[in-house]
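Colleague: Spelled out from the first residue to the last, the chains are:
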Amino acid sequence: MYTGFARMAARACAILALSSVLALAVNALRPDGLPLVRLGPPSVIAAEAGSPYISLQDAALLHLSGRAVFLDARSVGEYVAGHVKGALSVPLEDYAQLAAGVKAAAGGKETIVTYCDGENCPLSEDLADQLRQDGQANVRVLKNGWSLWQNEKLPVAGGPNP
Amino acid sequence: MSRTAPPAQGPSSRRTLLVLRLALGGIFVFASLDKLLHPAAFAEIIVSYRVLPAVLVNAAAIVLPWLELVLGLLLLAGRLLDGALLLVNLLLLAFWGSLVFNYARGLDVHCGCFSTAAVAAGDMGWYVMRDGLFVALALACMVFFLHVARTGCRSGPQ
Chain V
1 MYTGFARMAA RACAILALSS VLALAVNALR PDGLPLVRLG PPSVIAAEAG SPYISLQDAA
61 LLHLSGRAVF LDARSVGEYV AGHVKGALSV PLEDYAQLAA GVKAAAGGKE TIVTYCDGEN
121 CPLSEDLADQ LRQDGQANVR VLKNGWSLWQ NEKLPVAGGP NP
Chain L
1 MSRTAPPAQG PSSRRTLLVL RLALGGIFVF ASLDKLLHPA AFAEIIVSYR VLPAVLVNAA
61 AIVLPWLELV LGLLLLAGRL LDGALLLVNL LLLAFWGSLV FNYARGLDVH CGCFSTAAVA
121 AGDMGWYVMR DGLFVALALA CMVFFLHVAR TGCRSGPQ
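Residue numbers (my numbering), protein chains in the order written: chain V, 1 to 162; chain L, 1 to 158.
Hints listed in this document are in silico derivations from the structure and should not be mistaken for laboratory results.
Glycine residues also receive a C-beta, built at the ideal position from the N, C-alpha and C atoms.
Any given hint could be a false lead.
Cβ-Cβ distance ranges computed for the label pairs, FRET-style [what the hints assert, rightly or not]:
no., chain 1, residue 1, chain 2, residue 2, range
1, V, D32, L, F30, 48 to 58 Å
2, V, D32, L, R150, 44 to 54 Å
3, V, A28, L, S48, 20 to 30 Å
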């Protein structure tokens, strides 16, 4: 009976090791070498860096994954009648009192999304400007946010709570 | 006296082993070349097999072609035959297993056996049959190697 199985296995391991070293060395040297670990795209969020706006798709994705805090810039009455689920009510005139709470809510989030209602509603833009002045990075306006959000039947809530 | 008929004895056994390992070595060297040149395309093919987890795909695409080349050259040169034949058998079984697995679940993959060219996926039945032949070839090679090694030890110094 053949008795060299241990040697066979050892040599197989040696060949495997030699080939791996050779392969990795050549891969490191060649210009079209592959990264060792294949990574998918880090994110499908398409918002351009530096743009003050965010698309509904991006906003919905950030909402779903809990990576954004949503700020409702409309009046408290409109907020109570219905708002993006989880959004905080931050009417511009009350911003001074609410700033601390906003700052706390934005902690650990990637993005702050402000919205109001209507294509030309200035509240969300003004609120975003205010936030940027206060040093918040990555503040985005979801233009015509409330209408778009409802049209797509995205999660909403009513009442005074987020 | 063994109960099963042993492969042909002596020089004819060695000749058969030589022919088998040259054929197998040639196949392995040939198979490695296109993959060596196009690692990215080969990685895509590995992805399409949907067998390896994503983190292992690139490592496989980097190492497999070199392993095939080294194994092919060892078979052709007749060096480290025992280890090389073990790896060749394991590799071919793994390749064949992945093909059969995908055939069974109805996925048409691009074989990526000899070419990484981006052509439409071929006939899975043909791939499975061809690869099955390679598996049989490698197995036969191993059997003859073990036989020659055994009789070689018995009949005197190597």
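Colleague: If a hint holds in the structure, say so; if it doesn't, say that too.
Modeller: These are the hints, each one checked on the structure:
For the pair V:D32 and L:F30, the supplied restraint of 48 to 58 Å is violated, since their beta-carbon distance comes to about 22 Å. Under the hint 44 to 54 Å, the C-beta atoms of V:D32 and L:R150, about 46 Å apart, fit the expected range. The hinted window of 20 to 30 Å between V:A28 and L:S48 holds, with their beta carbons roughly 26 Å apart.
Checked against the numbered hints given earlier, this structure breaks only hint 1.
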